[in-house]
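Enquirer: As they're listed, the protein sequences go chains G and D. Each residue of the first sequence is one higher than the one before, starting from 11 at the first, in this note's numbering. Each residue of the second sequence is one higher than the one before, starting from 11 at the first, in this note's numbering.
Calculated directly from the structure, the hints in this document are not laboratory data. Incorrect hints may appear among the rest.
Stated by the list, open to error - Some chain G residues close to chain D (C-beta under 10 angstroms, calculated; not the full set):
(1) Arg28
(2) Ala52
(3) Val55
(4) Arg97
(5) Leu101
(6) Arg116
(7) Gly119
(8) Gly136
(9) Arg461
(10) Arg462
Backbone N, C-alpha and C define an ideal beta-carbon position, used for all residues, glycine too.
Protein chains: 2
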Amino acid sequence: MGAPLDPTAAAFLFAENRNMPMHVGALQLFEPPADAGPEYTADLVRRARATEDLAPLFLQHPHRSLTTAGQWTWRPDAQFDIEHHVRHDALPRPGRVRELLDLCGRLHGTRLALERPLWEWHLVEGLADGRMATYSKMHHSLLDGVAAMRLLQSVLSEDPDERGTPLPWARRDRPGRSDRPGRSDDTDGPHGSGHSGLAVVPAHALRSALAVAGEAAGMPTSLVRTLSRGVRNQTSAVSFYSPRTLLNRTITGSRRFAAQDWPLERLRAIGRASGTTINDVVLAMCSGALRTYLTELHALPDQTLTAMVPVSFRRAEAGTASDAGGNAVGAVMVRLGTDLGDPAARLAAVRDSMLEGKDALGSMSNAQALAMTALGLAPAVVLPLLRLQGVARPPFNLIISNVPGPDSTRWFEGARMVGMYPLSIPLHGIALNITCTSYDGRMGFGLTGCRRTVPRLQRLLGFLDDEVRALEAAVGIS
Amino acid sequence: MGAPLDPTAAAFLFAENRNMPMHVGALQLFEPPADAGPEYTADLVRRARATEDLAPLFLQHPHRSLTTAGQWTWRPDAQFDIEHHVRHDALPRPGRVRELLDLCGRLHGTRLALERPLWEWHLVEGLADGRMATYSKMHHSLLDGVAAMRLLQSVLSEDPDERGTPLPWARRDRPGRSDRPGRSDDTDGPHGSGHSGLAVVPAHALRSALAVAGEAAGMPTSLVRTLSRGVRNQTSAVSFYSPRTLLNRTITGSRRFAAQDWPLERLRAIGRASGTTINDVVLAMCSGALRTYLTELHALPDQTLTAMVPVSFRRAEAGTASDAGGNAVGAVMVRLGTDLGDPAARLAAVRDSMLEGKDALGSMSNAQALAMTALGLAPAVVLPLLRLQGVARPPFNLIISNVPGPDSTRWFEGARMVGMYPLSIPLHGIALNITCTSYDGRMGFGLTGCRRTVPRLQRLLGFLDDEVRALEAAVGIS
Chain G
11 MGAPLDPTAA AFLFAENRNM PMHVGALQLF EPPADAGPEY TADLVRRARA TEDLAPLFLQ
71 HPHRSLTTAG QWTWRPDAQF DIEHHVRHDA LPRPGRVREL LDLCGRLHGT RLALERPLWE
131 WHLVEGLADG RMATYSKMHH SLLDGVAAMR LLQSVLSEDP DERGTPLPWA RRDRPGRSDR
191 PGRSDDTDGP HGSGHSGLAV VPAHALRSAL AVAGEAAGMP TSLVRTLSRG VRNQTSAVSF
251 YSPRTLLNRT ITGSRRFAAQ DWPLERLRAI GRASGTTIND VVLAMCSGAL RTYLTELHAL
311 PDQTLTAMVP VSFRRAEAGT ASDAGGNAVG AVMVRLGTDL GDPAARLAAV RDSMLEGKDA
371 LGSMSNAQAL AMTALGLAPA VVLPLLRLQG VARPPFNLII SNVPGPDSTR WFEGARMVGM
431 YPLSIPLHGI ALNITCTSYD GRMGFGLTGC RRTVPRLQRL LGFLDDEVRA LEAAVGIS
Chain D
11 MGAPLDPTAA AFLFAENRNM PMHVGALQLF EPPADAGPEY TADLVRRARA TEDLAPLFLQ
71 HPHRSLTTAG QWTWRPDAQF DIEHHVRHDA LPRPGRVREL LDLCGRLHGT RLALERPLWE
131 WHLVEGLADG RMATYSKMHH SLLDGVAAMR LLQSVLSEDP DERGTPLPWA RRDRPGRSDR
191 PGRSDDTDGP HGSGHSGLAV VPAHALRSAL AVAGEAAGMP TSLVRTLSRG VRNQTSAVSF
251 YSPRTLLNRT ITGSRRFAAQ DWPLERLRAI GRASGTTIND VVLAMCSGAL RTYLTELHAL
311 PDQTLTAMVP VSFRRAEAGT ASDAGGNAVG AVMVRLGTDL GDPAARLAAV RDSMLEGKDA
371 LGSMSNAQAL AMTALGLAPA VVLPLLRLQG VARPPFNLII SNVPGPDSTR WFEGARMVGM
431 YPLSIPLHGI ALNITCTSYD GRMGFGLTGC RRTVPRLQRL LGFLDDEVRA LEAAVGIS
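Okay, chain G solo, but in the shape it has when bound:
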């Protein structure tokens, strides 16, 4: 009998079904080095498969049976076959980004088999412009999305000539390397205040935050009662009513993925001219794009949409969810102002709602802050519990998160990384997830949706682009 799963990890297995696969992913785009021969990608795959010493996380699979009394345990995969996990894919012609996004959607819409370790890494060639891509997939019971992005970043190099970097699944010589804060955490300067509201937390802190949700999965604790009261009661920081939209329906297991990035400098300039943060500008972009999208579908509600936005905040006294630096993780419910026709008014509404939410978060009790944390980081686990408490629908329409990435160029085996886009988890009632990540002067948007519930998801990319221009015009810098 293997090691038991911690309650949070087990909760993700219990919450998973055919319509809600519980894995996160990432798409990374690379330009191969100038001297790359025709065997470049094949050699990379060979090297990736030749990893001899894998971290236990990547060798174990969940198992339960009568002998485990029905409990999930981690068991080493006695027949671990790295060729199953490390795959060499190619795109059909014409090899545009569209074909790449189609592939990502298909891969992200397929569950990981529980009989094997819960990860895949695909090296994708066949982009007409000669770039290559990786699509990585990890089950949420192993790592949450932020920790997964960090793990992927930890194997990138700042040195174009570095070769032989250990792959994400290699056992590390330096323990805790993947928990080491990324460079961008230390050098927030260049981005100004843009990133100050974002979830920049070491993986171990997220883990302990998630453990709260895990306890909640076991029994209706005070956490759930707090959340439940909050959702019913406008006076608490947790309390919001959201209109029901087409994004808030039961989902299927089919996924669509859309991704694009914009220069951080354009977003920063909008922020400077309007006194807002980059995060506010990101949210205002989403707001305007969603307004156009829902209007086209004749489905824009009169009331504004609300986004659940994970944030970090200084909180010396925060107990469980804090690390040495005193950061805590919470979630702010942001009214997006989709009911407002003017881009500048939407941006102002987002800024005000964000400030209000962060103030409320700062004044919450520890228990309330933890409750927010749990709601923010583990909605898949917490939302069903809220329903058990008689809360008919989630207190928000979608999840928008923003995970900072490296602020300078990174390389992988001499290939320059030119883009990085997270894939996240749509849920019943929350059919769209927008996760952004900054990298090397650009802000990458990853939109993951249920293909059937969220029609024509790709159009949101064009609407996001329209909204950047509209915001530039509105603040007078275009």
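Given the coordinates of chain G, assemble chain D onto it according to the supplied hints.
Expert: Same frame as chain G, but now just chain D:
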């Protein structure tokens, strides 16, 4: 609650595990038409996904729960998503047949998720020579291998200009079309006696034969007792002792696939010069190739290897396993003569063993013939039962079958089919399966093995080629 699975289909679900996926497959190679534009394969995929009226077989998935009292039932997939089943794949560079076979091995080594209908169809582009391929995968609980090959053939056309042929999953206007005997059944002439010993049986006859194995799965009936006695006792037609080889070990879920074809005329000429059938020549090729292969690995046993070879034979009185034409299906245990150094001696040994086996089969009682049938067609179900009866190992070393295909050129949407190769099911103790199929003047070999148990499987292709030359020399026609 849906329709219950018949006992045979259920037996395949019960027998399946991570190491023994119970699906069959086929690789088909095509030359696109001269006027094919860059969108040719993408258009094919679009059309394939646009099928509106699917046969129920392709819309249902197996389900069991407390409400079905633990029994498997077929249930329509309420969220059927054809994009999950019909896939557009591409090969990584350099796009050789090797990359195609690697892809087939990987796809064949992945189980079908029981929560969805149990089939996939992959359209593969990216072969450097401009050809395209399809890899089809169907669970054995839907169709056995012969019926699956027939289904795939039924959608091919003899007319290069025909377009819009219904795809295998389309509901047929003409009921039973897939059960219609193929052209090659009616025109055995050109192949001479070469195909007379092969399993050419309509799908419904196979179905009733398989039902016997299904009953056996439920309880140790007289069938299993007959088999068990036969295996212990040299006097019965079922009785053989086989040496234990590296092919007869516990397998893993990893698959390797190798495929190649040879001109039928070369095999026919060897048969003419030696008084043997094409089927004998196929078996002698396998014998010589296995001898070389095992010798290289220092693993050739002193005793000859035995192959289980499914055959059909005229048997007016055969009850359950017969169709109107009076054909019955059985299996012959063929001593391959791998202990003999001379190619001509091996060919003669195969011919004698085959004749002897067919004579024995003809003189068996109906119950014995049925037992052979079950053993031949459903080893996955019957072998575990034999073990329950104290039979330590299978009475043969590998399975070699030969399924006739079309004897003239076939087309699919204007693309000329230039090759067809079956992928089959390795089992614990039977790590290698060789299935051949003839098409348009060539004999295609499909070798499916456990990648870990059968090392360097691809080398067998070279050894098969060597053996054709050796046989030509031995019978004096080279």
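Enquirer: Mind listing which of the numbered hints don't hold for this structure, in increasing order?
Expert: none
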